Amino acid sequence: EAGVAQSPRYKIIEKRQSVAFWCNPISGHATLYWYQQILGQGPKLLIQFQNNGVVDDSQLPKDRFSAERLKGVDSTLKIQPAKLEDSAVYLCASSLGTGRSWETQYFGPGTRLLVL
Amino acid sequence: AQSVTQLGSHVSVSEGALVLLRCNYSSSVPPYLFWYVQYPNQGLQLLLKYTSAATLVKGINGFEAEFKKSETSFHLTKPSAHMSDAAEYFCAVSDRQAGTALIFGKGTTLSVSS
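Protein chains in written order, with this note's numbering: chain A, 1 to 116; chain B, 1001 to 1114.
Mixed in with the good hints, there may be bad ones.
[Said to hold, decoys possible] Partial chain A-side listing against chain B, Cβ under 8 Å, derived: (1) Tyr-33; (2) Asn-52; (3) Gly-53; (4) Asp-56; (5) Pro-61; (6) Phe-65; (7) Gln-80; (8) Pro-81; (9) Leu-84; (10) Glu-85; (11) Ser-87; (12) Ala-88; (13) Leu-91; (14) Ser-95; (15) Trp-102.
[As the list claims (entries may be wrong)] Straight-line C-alpha distance at most 35 Å; calculated DSBU-like pairs for lysine-lysine: (16) B:Lys-1069 <-> A:Lys-71; (17) A:Lys-71 <-> A:Lys-11; (18) A:Lys-78 <-> B:Lys-1106.
No lab work stands behind these hints: they were computed from the structure.
Just so we're clear, the structure is a prediction, and the values are computed from it rather than from any experiment.
Idealized CB from N, CA, C, for every residue including glycine.
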C-alpha cells in the first residue's frame, strides 16, 4: 500500500514570496490533515479536511495561508506572502475518516521550508 | 484545553539499557493517547495507541506504554535499547469530544550509545 506522498521535499524562498505544497493521501482515506512542525516543537494542526470539506481550520493563519482539497483526494497548502517564522516542516497526514478519535493517522515525509 | 507534557527533551541510554520516555496529559476526561516515532528526514510513524481497551499497550519494535489515570501519564518503555531506536519520540492526545486531530508534545530525542 502506498503511503502519503508529499512534494516538494525541500523548499527555500525569500520572505514575501509565495509557496505551495502538495499532498496525496493514502487511497480511500477520507480525512486529510496539514500540520506545521517548527524546529524543537511537536506538530501543530493547521487544517483538517473530511473529504473536500473543512472540519477545523481554527489554527490556520488565514491572512497568509490557504488550503484546498479538490475532489476530496489531493490537497494543496499555500503560503502567500511567506514570513521568516513560517520556516518549518509541513506534514500531511491522512486517516480513514470514520470520525473516531482513536483512528490512526498516517504521515507523509514532510516538506521542509526555509524562508530567508 | 488538552495539553501534553513530555519530560526531558533529550534522553541518552546505553545499548541494552531500559528506555523510559515520559508523557503526561491534562484532561478531565481520559483522552485517546498515542506515541509516534520520527526518524531523521522522515514522517511520523505510529508506535502504539491507547483506546481504553487495556491499560498496558504493546506496540511495534518492542515498545510498550501503560496508561495510568491516577497519574495522568502514558510513559513509553522498552526493556532493552537498540542503536536503531535512536530517533525523536512524540506523545499525542486526541480529544474524545473535540474530534480526531492530534495534539502533540514537544518531543523527546532518544540517543543510544554503544
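A quick look at each hint next to the structure:
1. Tyr-33: With Cβ-Cβ at 6 Å, under 8 Å, it holds.
2. Asn-52: Given a least distance of 17 Å, the restraint on A:Asn-52 is violated.
3. Gly-53: Violated - the Cβ of A:Gly-53 stays beyond 8 Å from chain B, reaching only about 13 Å at its closest.
4. Asp-56: A:Asp-56 check passes; min Cβ-Cβ to chain B is 6 Å, inside 8 Å.
5. Pro-61: violated (17 Å)
6. Phe-65: Given a least distance of 16 Å, the restraint on A:Phe-65 is violated.
7. Gln-80: Where the cut-off is 8 Å and the nearest Cβ of chain B is about 24 Å from A:Gln-80, the hint is violated.
8. Pro-81: Violated. Min distance 27 Å.
9. Leu-84: Cβ of A:Leu-84 sits 21 Å from chain B, so the hint is violated.
10. Glu-85: Violated - the Cβ of A:Glu-85 stays beyond 8 Å from chain B, reaching only about 17 Å at its closest.
11. Ser-87: violated (16 Å)
12. Ala-88: violated (13 Å)
13. Leu-91: With a minimum Cβ separation of about 6 Å from chain B (threshold 8 Å), the hint on A:Leu-91 holds.
14. Ser-95: holds (7 Å)
15. Trp-102: Nearest chain B Cβ about 4 Å off; hint holds.
16. B:Lys-1069 <-> A:Lys-71: With Cα atoms ~42 Å apart, B:Lys-1069 and A:Lys-71 exceed 35 Å; violated.
17. A:Lys-71 <-> A:Lys-11: With a Cα-Cα distance of about 26 Å, the restraint between A:Lys-71 and A:Lys-11 holds, given a limit of 35 Å.
18. A:Lys-78 <-> B:Lys-1106: holds (25 Å)
Checked against the numbered hints above, the structure violates hints 2, 3, 5, 6, 7, 8, 9, 10, 11, 12, 16; every other hint is satisfied.
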